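K.L.:
One-letter residues, chain by chain:
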Amino acid sequence: MSKTPLLEIEDLCAKVADKEIIKGFNLTINEGEIHALMGPNGAGKSTLSYVLSGKQGYEVTSGKVLFKGKNLLKMSTEERAREGLFLIMQYPVEIPGVPVTTFLKHSVNAVRKHQNLPELDTMDFIKMVREEGKKLGISNDMLKRPINVGFSGGEKKRLETLQLSILKPTFAILDEADSGLDIDALKVVADGVNAEHNEHNAMLVITHYQRLLNYIVPDYVHVFADGHIVQSGGKELALELEKTGYAQFVKEK
Amino acid sequence: MPDIQKTPNIIDESGDKYKYGFVTEIASDTVAKGLNEDIIKQISQKKQEPDWLLNWRLQAFRFWQKMEEPTWAKLQYDKIDYQDLYYYSAPKQKAAPKNLDEVDPELLSTYEKLGIPLKEQEALAGIVAVDAVFDSVSVATTYRAKLAEQGIIFCSISEAIKQYPDLVKKYLGSVVPYTDNFFACLNSAVFTDGSFVYIPKGIKCPMELSTYFRINARNTGQFERTLIIADEESYVSYLEGCTAPQRDENQLHAAIVEIVILKNAEVKYSTVQNWYPGDKEGKGGVYNFVTKRAACRGENSKVSWTQVETGSAVTWKYPSCILQGDNSVGEFYSVALTNNYQQADTGTKMIHIGKNTSSKIISKGISAGYSNQTYRGLVKVSPQAQNARNYSQCDSLLIGNKCGSHTVPYIENRNRTARIEHEATTSKISEEQLFYCLQRGIDEETAVSLIVNGFCKEVMQHLPLEFAIEAAKLINISLEGSVG
Numbered sequence: 007m008s009k010t011p012l013l014e015i016e017d018l019c020a021k022v023a024d025k026e027i028i029k030g031f032n033l034t035i036n037e038g039e040i041h042a043l044m045g046p047n048g049a050g051k052s053t054l055s056y057v058l059s060g061k062q063g064y065e066v067t068s069g070k071v072l073f074k075g076k077n078l079l080k081m082s083t084e085e086r087a088r089e090g091l092f093l094i095m096q097y098p099v100e101i102p103g104v105p106v107t108t109f110l111k112h113s114v115n116a117v118r119k120h121q122n123l124p125e126l127d128t129m130d131f132i133k134m135v136r137e138e139g140k141k142l143g144i145s146n147d148m149l150k151r152p153i154n155v156g157f158s159g160g161e162k163k164r165l166e167t168l169q170l171s172i173l174k175p176t177f178a179i180l181d182e183a184d185s186g187l188d189i190d191a192l193k194v195v196a197d198g199v200n201a202e203h204n205e206h207n208a209m210l211v212i213t214h215y216q217r218l219l220n221y222i223v224p225d226y227v228h229v230f231a232d233g234h235i236v237q238s239g240g241k242e243l244a245l246e247l248e249k250t251g252y253a254q255f256v257k258e259k
Numbered sequence: 014m015p016d017i018q019k020t021p022n023i024i025d026e027s028g029d030k031y032k033y034g035f036v037t038e039i040a041s042d043t044v045a046k047g048l049n050e051d052i053i054k055q056i057s058q059k060k061q062e063p064d065w066l067l068n069w070r071l072q073a074f075r076f077w078q079k080m081e082e083p084t085w086a087k088l089q090y091d092k093i094d095y096q097d098l099y100y101y102s103a104p105k106q107k108a109a110p111k112n113l114d115e116v117d118p119e120l121l122s123t124y125e126k127l128g129i130p131l132k133e134q135e136a137l138a139g140i141v142a143v144d145a146v147f148d149s150v151s152v153a154t155t156y157r158a159k160l161a162e163q164g165i166i167f168c169s170i171s172e173a174i175k176q177y178p179d180l181v182k183k184y185l186g187s188v189v190p191y192t193d194n195f196f197a198c199l200n201s202a203v204f205t206d207g208s209f210v211y212i213p214k215g216i217k218c219p220m221e222l223s224t225y226f227r228i229n230a231r232n233t234g235q236f237e238r239t240l241i242i243a244d245e246e247s248y249v250s251y252l253e254g255c256t257a258p259q260r261d262e263n264q265l266h267a268a269i270v271e272i273v274i275l276k277n278a279e280v281k282y283s284t285v286q287n288w289y290p291g292d293k294e295g296k297g298g299v300y301n302f303v304t305k306r307a308a309c310r311g312e313n314s315k316v317s318w319t320q321v322e323t324g325s326a327v328t329w330k331y332p333s334c335i336l337q338g339d340n341s342v343g344e345f346y347s348v349a350l351t352n353n354y355q356q357a358d359t360g361t362k363m364i365h366i367g368k369n370t371s372s373k374i375i376s377k378g379i380s381a382g383y384s385n386q387t388y389r390g391l392v393k394v395s396p397q398a399q400n401a402r403n404y405s406q407c408d409s410l411l412i413g414n415k416c417g418s419h420t421v422p423y424i425e426n427r428n429r430t431a432r433i434e435h436e437a438t439t440s441k442i443s444e445e446q447l448f449y450c451l452q453r454g455i456d457e458e459t460a461v462s463l464i465v466n467g468f469c470k471e472v473m474q475h476l477p478l479e480f481a482i483e484a485a486k487l488i489n490i491s492l493e494g495s496v497g
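Read top to bottom, the protein sequences are chains A and B.
Counting from 7, one number per residue, gives the positions in the first sequence under this note's numbering.
Counting from 14, one number per residue, gives the positions in the second sequence under this note's numbering.
Treat the hints as calculated values from the structure; they're not laboratory data.
Owing to the predicted nature of the structure, the values given are computational and were not obtained by experimental measurement.
It is possible that some hints are incorrect.
Stated by the list, open to error - Straight-line C-alpha distance at most 25 Å; calculated SDA-like pairs for lysine to any residue:
#1 B/Lys470 with A/Ser145
#2 B/Lys373 with A/Val155
#3 A/Lys61 with A/Pro98
#4 A/Lys150 with B/Lys296
#5 B/Lys296 with B/Gly413
#6 A/Lys119 with B/Glu458
#7 A/Lys61 with B/Asn466
#8 A/Lys111 with B/Ile482
#9 A/Lys80 with B/Trp85
#10 B/Lys293 with B/Glu493
#11 B/Lys217 with B/Asp339
#12 A/Lys25 with A/Lys70
#13 B/Lys470 with A/Phe131
Next up, chain B with everything else stripped away, as it sits in the complex (with noise of 0.2 Å):
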């Protein structure tokens, strides 16, 4: 990556579809670039943390400076110096803004240009609560005291660091350990902010709640960590949207998001992915290397990840599901889209752990242009999961005849009473479905997105409603030029 430069270097966005490519002017209160147990020092002193988080932070560290890059997936990126980042980069602002009133205008353009409400009065009558998490940090988070009238915490993880020590100390690095791999062991390291959500026993989250991350400094890697956790009898749906300014260069995004689910509770977390996807030739666009799980640890707990990728160069990333109380469920519904030279490797992983767990797969992938796609996909059952039911659908579109789709299922049964089920598909919009449609007077690209959001809809009808009406559109915008 090159050095840093006095003008932000923009692609021309004329006649560019990535509609969120632009750069909010602000200035902003960095560390020095790279990467050492200094600047770790340096990040958890800015936030004022305590002894035991930077502790945690340099364990990580050095833990991290051991492992290697993992090179399984079928990625292929230029090699990322990770001494050439920055890892910390806020809008400088006077004093934490204690209201909206107070938060920059700039930023709060940014994200009314974004179309995320981060005015509650203009929001629609209080359908959704939202974190906005710009570069490093959190920069807002709506219906706070709303929510507090039920006990619901809402808030930046760093102020949950400070505010929730126990809560936070009980559960952080609980489901995604930082030894698990090495982009989650960089980012227990690294972390700077996130969402922080906790939903007490017997609460039914009143409104959805979202997290919007938002990269927008240059060179600057976003490692942001979420944490959740669903006491007894909750229920609480849960949003994530992410974009990225149109730059020449290669962004890192390498995040965490933990689940917590007590006995009883039940999670939805869904997601519509849309960091910059490079342009045409491949140049340019996010990594993003992100680790998700949810731990169903009480009897009867229930998660449900839906994502919708269509944006970034390179993902990596496969939301899990570790099913330890008895009766648990997990699901896993995706819908992944590349085209031009974007990559990605994706899928989940089911751990049958408790007795009668059971857990479900739907993945689609749309690959178009020169793009790869891989769904990767684990399903354990261990000896002690009796009764242990998953089942597994893939399928794979595939536009024009320069792309190419992979399904790699991995299953590990050690108990005899499991019973899975796996399917896959591989297709190709035919010409014959295209003819029927032009010969009914519909064009081309409205007949591939017809068909393409046919092939996706058993995964789509699991999203609310407006993200879902959100997510055909960037499906169709992300098709655009895929065909002819």
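Same shape as in the complex, but just chain A (with noise of 0.2 Å):
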């Protein structure tokens, strides 16, 4: 049975602030699948990232993304959220005076409603995003917080996989999801993550380390230079890029 193409990027090249990032980036992700993105820094990862998910001031300047076959860069920022497009940050922001139900809420009946579902009601909703919270280890107590405010760096990962469960979206992008997390923090996030893997999503994880993919394991993993992919493999290219380093993939300057 042929794979079903989720996102395909041909030739994308992009700009931020006059500054050409991107530089001919090629790949295609099918469902099912998980990708790994590494990559020394400076290398345009995050970039990528904010160019897939319509971040303002990340210019495309040529090449096509199609993402489930629809042009992906026709569409605005929440477009793509609601299509199923979701970004793990690395720095999720704080919003003062925002509770997280709150905002869970207006996110989830924002997706719902572009999916033609009907909004939650408050209870079903609280139910909801308790039940799941539950898992990840989030008290009903952090559910009141404003989003952000005051939280550690696992609990801000934490919430971020809390959003992947509830939106459920075809296509996560994880952008250094480990940064600022401990071995255990770490866990509790990719057993999050990897509990919504399945045949008909698909993701892209960035990272600069091999310790990640020993939980979230990958199919692929490609090396990121210079703005496009230099070499990519199987799952062991990770471990020899850890003895390795990126040195061999880094262009004298």
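Starting from two chains that each stand alone, build the complex the way the hints lay out.
P.N.:
Structure representation (structure tokens):
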């Protein structure tokens, strides 16, 4: 059975503040696959995640991106999210005075509305969030607090994972999901992410280190340097990189 | 301001967001344009006032003529021609209505459109009693009989002048004397109506009391005056709402609220101010010059001002607390939101006189569009005010890069035992916050409203529940078009 492509990126070039960062990036991710993107600092990993999710200030200069066969680059940021693209952020931002549940309810209902599903009423919603939260060690008290305000690094990432498990995206990008996490928190987040993975969705795991890939095991590993993929392989490539480092892929400047 | 025209010149309402902008077609009884002693005499005569009040008005007017309009506020507006205004306009009614059945149906339907219940049986189980002020006069006050059972007086100030002259004479001008400031002095000379409340000793008022102010007539200033007296051990929560039709020219509103609070009594005063703010280009809108002050005269007395200011082209307003009684407490919670070309210069004054007095100021200013906003506040501790405490927090949020926000705190401390804290922050809605919301599927307008409501939460939670919901909606409406 041939695989169904979920995300197809072709010759993508993008710039930030007039600086070309993504240079001829190609990648196809099929349903059910987990891809890891590894590379040195400054290779443009985070930039790629922002370009795909549609952050303001990240300008695509050429190339194309299809998401479920549709032109992703034509969609607004919120449309991409509603279509099922989710980004676990490296540094989730604080929004003072806005409780986690209030924020999540707006988010869930915006996505449901887009998918022609009825909005959840408050009782059902709270019940669902509490159940999902429990699995990730998120207390009811934490759900009442303003989103990310005063949260530890681990709490922030658990909250990101909670949103992943509630919104059930078809394509998730994990941008340095392991930064700021101790080993226990890393396991909780990885377990949460793995629990959501199935044959119909896919993930792009962006990381510096092999460590995270012990818990979220990729089907493919790509080395990303100077704005594009320089080498691809199976999960063993990550282990090799751990030994040799990225120096061989970085061009002399 | 242009001369009066035959047909009301309403701004096209289609696609405009100020839903209270309609005009009520009703015949009115006005006095001639302009301001002089004769006009004041006519107003006083129309209201069948006692001589002492007329004399007081005239004294105020003579004093006012020697005063100059203040220019210290950070506000820019066209000079007001005080001779080009009508100072009295009342909807024509055959006689003073004895009950709601006698009130002009046109007026009742106006308040219905505004969402203000004047028919008692239609209001939810006696939640709020309303005094409805239309231009210069009070047209109806609800639940009076029920309140009277407990000795609570709730009526228009015109009626109080006739029915309870001793109370009025004792307290009118005792918190805000006519010499206080230019606009307060003008109000003292020409005030036409407003609300009067007296809560007797030991009574906790069983429902929220409220006044709803409506400016309708053209080129008419509204000068209302509210007087609230909370006797010993009493409690009342009071709400105030305001709207005006959408007109091309500016309308003047100069009001006074005086509150007297005796031993162990408490007053909560909440305002949602939604006067017409003017259009997108800054044309029209209400000039809102208001003096509000509470005197905590007895020991352990407490006043709490909560205001949500979204309307008016120009706002000049500093609800204040005079903390005379020992252990008295003053609080000021404020959200001011300006958009387009609105300007607001607002804040509070906390005057500590008694021992162990404490005050708290929480001010949240949101500026969008081309608007300009200033927080101006005074904390004053007099030499005899031992152990005074003040905490002030002033936060400003900017939306876009064409608006302005300014914080001007004045502190005058003359007692070394005082503890005064002041914190201030200015922030912008960050691109990171917006991106975070958008990435979770939330559209930009909802995102801004979530962020702004989160920013004001600390203040909004001090409003009575139904009012808080209304205020949150109002903030969302006022923000429309501020992003993108």
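K.L.:
Where does the structure disagree with the numbered hints, that is, which hint numbers, in rising order?
P.N.:
Going through the list in order, the structure violates hints 4, 9 and respects the others.
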